[in-house]
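Colleague: This is what each chain is made of:
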Amino acid sequence: MEKEGVPAQSGGGEKGQEAKKAEAPLPEVDSSLRSRIESLFGERATVEFARPGRMQVNVAGKDIVEVARFARDELGFDHAESVTGIDRPADGQIEVVYHLGSYTRPDLAGHVLAVSTRAPREEDPSPGADSTRLPSLRGVFYSVEFHEREAFEMLGVYFEGHPDNRRLLLPEDWADMPPMRKDFAIKGR
Amino acid sequence: MEGKTTVPALAELPPGLELQRVDERIMTLNVGPQHPGSGHMRIIVQIDGDRIVACDPDPGYVHRGEEKMAEYRNYVQNIPHLERPVIHDSCNILYPYCLATEEILGIEVPERAQYVRVIAAELNRCVYTLYWLAIYGIFLGHSTMFMWPTGDRELLIDLLEKMTGARVTHAYLVPGGVRNDVPANFEDVCLRQVDYFEKRIREYAGIFYDNPILISRTRDAGALSRHDAVALGTTGSVLRASGVDYDVRKKEPYDCYDSLDFETSVMREGDAYARSRVPWLDMMQSCRIIRDALSKMPKSGSVRVKLKPNPKGPEMVSYKRVESGRGALGCYVVSDGKPEPYRVKMSVGSFRNLIALPYLLRGEKLGNMPAVYWSLNYWPVEADR
Amino acid sequence: MSVIAPRFKFSEFVKSIIENAFWIVVIMTLVGLPMAMIVLFYVDLPVIDGALVTPFLALTWLSHPELALPLLKSFLTSDAFRILAFPGFGFAALVAAGTIFVERKMLAKLQLRVGPFYCGKIEGILQLAGDGLKLISKEIIIPAKADKPLFIVAPLLFVGAAAAFVALIPVAPGWVVADVDVGLLAVFAVIGFFPIITVLSAWSANSKFPFIGGIRALYQMVSFEIPLILSCLGVVLLTGTLNLTEIAQSQQVIPWIVLMPIGAIVFFICMLAELERIPFDLPEAESEIVAGWLTEFSGMMYGLVQLGSYVKLYAFSALFVVLFLGGWSGPVFWPPLEQELLESGQTLGPIKLQLPGLPLFSQEFFSAVIWFVLKTAAVIFFVLLPRGVFPRIRIDMLLRIGWYKLIAMAFVNIFVALGLVYAGVVGPGGIF
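Residue numbers (the numbering used here), protein chains in the order written: chain P, 9 to 197; chain Z, 3 to 387; chain U, 120 to 551.
Excised from the complex, chain P in its bound form (with noise of 0.2 angstroms):
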């Protein structure tokens, strides 16, 4: 069986990439739609990082249904493709990130942006009732629905002014902490 194909790269020489993917200039579309973001946010959002066809923005809470607002009517991104949770006990936080995705302007039909914001973090959760909530993006994009309710649930996110918040994966008698945070631990591992 032949694998004398190219050695790995990884571990080594990721600085090099990093330099390399940072000067690689921008398509058109992608740096219109980065300016067009950080002139009308400006502090507000950040960009995380802007690769082509890949663009992340940093919200806080409190802005991300106008973020949403504006990504929809404005830019042209229609709807939702995901909604992440990410658990940052480092950062006592819980990261929601929103892909968002266009089917109607052509020109966006290979891009997605990443809105990610950040909701506090409770060291002994008790989903719905603590301090880790964050508007509810089902007024914006309608298809974030099922997406919320799997973040409430398996991240303890509450969503304000999502209209269903019920479990949607997890049984009903689940008692425990919500699965996908890191202090939840798999037996054995």
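In case anyone wonders, no lab produced these hints; they're calculated from the structure.
Here the structure is a predicted model, which is why all the values come from computation and not from measurement.
Check each hint, because a few of them may be wrong.
What the hints assert, rightly or not - If we take Cβ atoms under 8 angstroms as the criterion, some of the chain Z residues that face chain P in the derived model are:
1. His65
2. Glu68
3. Val78
4. Phe148
5. Met149
6. Gly153
7. Arg155
8. Val232
9. Gly235
10. Gly245
11. Lys253
12. Ser349
13. Gly365
What the hints assert, rightly or not - Pairs of lysine-lysine residues, derived as DSS-like cross-links and limited to a Cα-Cα distance of at most 25 angstroms, are as follows:
14. P:Lys195 to Z:Lys201
15. P:Lys190 to Z:Lys201
16. P:Lys190 to Z:Lys70
17. Z:Lys201 to U:Lys228
18. Z:Lys367 to U:Lys524
19. U:Lys257 to U:Lys192
20. U:Lys228 to Z:Lys367
Backbone N, C-alpha and C fix where the C-beta goes; we use that ideal spot for every residue, glycine too.
Given the coordinates of chain P, assemble chains Z and U onto it according to the supplied hints.
Modeller: Same frame as chain P, now just chains Z and U:
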């Protein structure tokens, strides 16, 4: 004890256990999880006579915590268990994970491996679609349409077995290429099978898709307009049946798809018939892609990049999408510099299409429920992950 | 919990058989024979052909089989034989079993598989027997909140109604269980029982899916009974009788399907709906309502309903043959039996078999039955065929077909029949 009620007041109940007002006209049906027309999920349907007034899908019966498991294994160990949600479409569900991991690890996939991946993914799409079509047939009471695709699927599975060594859970795609090269006479065998397969799916149209009873039954059943399909964030065949020309293979070509010759299959009607016809059109396109890829594939070369044991990437995130049998399949991988991913999120087509189910079933007749439900190209196991 | 032969030993097996035989002989001798004597003492035994029929005749027949003939002859002409065996339930059940076998194999061939294959060595011919054994040996589970008497009696009623339907079908000249003058009306009366039984069983199960299935069956059967009845009216107008035997005999020249194809088509479609066959199997639509009104039946209760529905299938097909395909009429192709055989009998080695005047053995009878069975089999084939071709239709489409299209077509058929009568084509002085 008198004076005390055993039922707590509404506000005290935990989420999911609210009491509901009982209406005499409304009958609540639990379609699933033990029901021949539900799959591994429950659809709570409220009917008034023969008309569905409300529908509440309740997935999660096969939730296995794939995403949680992925946080405890390194990038390569994750391969065999991440394909479990859709074992029929295992190459496609591993595809975005491999792409995202390759971006994080900084790997370029050899050209031959790209073509082999595409062929495997397209064969797998056909295998999945045949299975889906079989169940769609039996949901509509058409037993011949159950038997034919399940029989023809065997041939493609045999082909994939020759290619990968396993019948369904291939674990064929790995970060950096594919696990092993294709066998020596693969090209001839594959072409022969694809020719036969294309002939067969034309026959499906004769017995199933052009059947007048089927057409009158599924026409206008659960029609989804173009605007709603976009607003609901549906994907894959559901979206394309509503007239939105969106295919990740075209719009954001990955691997060697930009060099292959195929078309996006789109229909305008948006009803259950169109939604069931689009996967059939997709299978035709898959045959075309496989033929084209076989002719353009480099005859020799490496199919896999050697990885270090326990490969690590920098602290970065990667979100990659592919077009699977059920629509766009995104994989969001967060790396924190350790050999294990910090977070893996699969944004699966089934889960995204599920939101259309309560929307479409409201006001629909009970007899349309299986047709509308299964035309959403929904795979319960994948949605639960 | 029973364990099947944990340690099988052939010697113990033989021993158990011998022991059982021993005890059977002992008990028969000590209890059975005295009881038989006592019964024989009090019971008046029948006298056939001047000979008293006693159980001891069985010993005589061992050496002289021809002596059993009078009894056999009288049994063959008795009502019990007609009800249980030939034109009645036994024959219908046999045809039903054949139907199930043919359906499985035909559907399998259509769907590129083999169907029943192993049980019975030859093309799985014993599969049905195996299935029956399985159903009998299964536990019967009755839902806790079911109305138990009704729930238990519903499958029996279903089979009973199907058997009553069979009783009205003439198979050969003179071979019918109940030869009533209003045969066709009686058929409709019997058909009218099926929705009632279905709703009864569905309601008594006290479960949601059977309830929906029962209501669907009620809608379906009621809306298809009307065109069914109307489509038969044409035949009644042409023949001027409701007696099924006379209707069959009136088609010696030409079967009515030639003159009234519309009526035959309407009747056939209604028949499919009444039988709950695909594409009209909504009351049992498994992807929507599990198994419809059969959901809560288990074990042999389910088996009885299946038996009843296949017996019903035979009865409907036979009714179609009687009404539209000319019943048993057809060219006589059975070679005439030798006069010698009928009068003096046949010598088969050491046994001399005498069958003088046995009612089953005549040229006309054989020919009629064979034609009837052939035609019925053809109709059954066309009833089975849609299952491999069509998907299930929806209830509103079904009702629209029943109430608008089929009733309108049935009326067209009636006017065709009236035109034939008034034009003098059919009837006294007509061509036919």
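Colleague: Take the hints in turn and mark each one as holding or not.
Modeller: Here's how the hints hold up against the structure:
The interface hint given for His65 (chain Z) is met, as the beta carbon of that residue sits about 4 angstroms from the closest beta carbon of chain P, less than 8 angstroms. Because the closest C-beta pair between Glu68 (chain Z) and chain P is about 11 angstroms apart, greater than 8 angstroms, the hint is violated. Because the beta carbon of Val78 (chain Z) sits about 11 angstroms from the nearest beta carbon in chain P, more than 8 angstroms, this interface hint is broken. Because the beta carbon of Phe148 (chain Z) sits about 29 angstroms from the nearest beta carbon in chain P, more than 8 angstroms, this interface hint is broken.
With a cut of 8 angstroms, the hint placing Met149 (chain Z) at the interface with chain P is violated, because the nearest CB-to-CB distance is about 33 angstroms. The closest approach between the C-beta of Gly153 (chain Z) and any C-beta of chain P is roughly 34 angstroms, which is over the 8 angstroms cut-off, so the hint fails. Evaluation of the Arg155 (chain Z) hint against chain P yields a violated restraint, the C-beta minimum of about 29 angstroms exceeding 8 angstroms. Because the smallest distance between the Cβ of Val232 (chain Z) and any Cβ of chain P comes to about 5 angstroms, under 8 angstroms, the interface hint for this residue holds.
Of the supplied interface hints, the one on Gly235 (chain Z) holds, with its beta-carbon coming within about 3 angstroms of a beta-carbon of chain P, less than 8 angstroms. A least Cβ separation of about 11 angstroms between Gly245 (chain Z) and chain P goes past the 8 angstroms threshold, and the interface hint is therefore violated. Because the beta carbon of Lys253 (chain Z) sits about 4 angstroms from the nearest beta carbon in chain P, less than 8 angstroms, this interface hint is met. Taking 8 angstroms as the C-beta cut-off, the interface hint given for Ser349 (chain Z) holds, the closest approach to chain P being about 3 angstroms.
With a cut of 8 angstroms, the hint placing Gly365 (chain Z) at the interface with chain P is violated, because the nearest CB-to-CB distance is about 18 angstroms. The suggested pairing of Lys195 (chain P) with Lys201 (chain Z) is violated, with an alpha-carbon distance near 51 angstroms, which exceeds 25 angstroms. A threshold of 25 angstroms between alpha carbons decides the hint, and for Lys190 (chain P) with Lys201 (chain Z) the separation of about 52 angstroms lies outside it, so the pair is violated. For the proposed pair Lys190 (chain P) and Lys70 (chain Z), the alpha carbon gap of about 9 angstroms is at most 25 angstroms, so the pair holds.
A distance of roughly 19 angstroms separates the Cα atoms of Lys201 (chain Z) and Lys228 (chain U); the hinted pair therefore holds under the 25 angstroms criterion. Distance restraint check for Lys367 (chain Z) and Lys524 (chain U): the Cα-Cα separation of roughly 22 angstroms lies within the 25 angstroms cut-off, and the hinted pair is therefore satisfied. A hinted pair counts as satisfied when its Cα atoms are at most 25 angstroms apart, and Lys257 (chain U) with Lys192 (chain U) does not qualify at roughly 40 angstroms. A hinted pair counts as satisfied when its Cα atoms are at most 25 angstroms apart, and Lys228 (chain U) with Lys367 (chain Z) does not qualify at roughly 34 angstroms.
In terms of the numbered hints stated before, the structure departs from hints 2, 3, 4, 5, 6, 7, 10, 13, 14, 15, 19 and 20, listed from lowest to highest.
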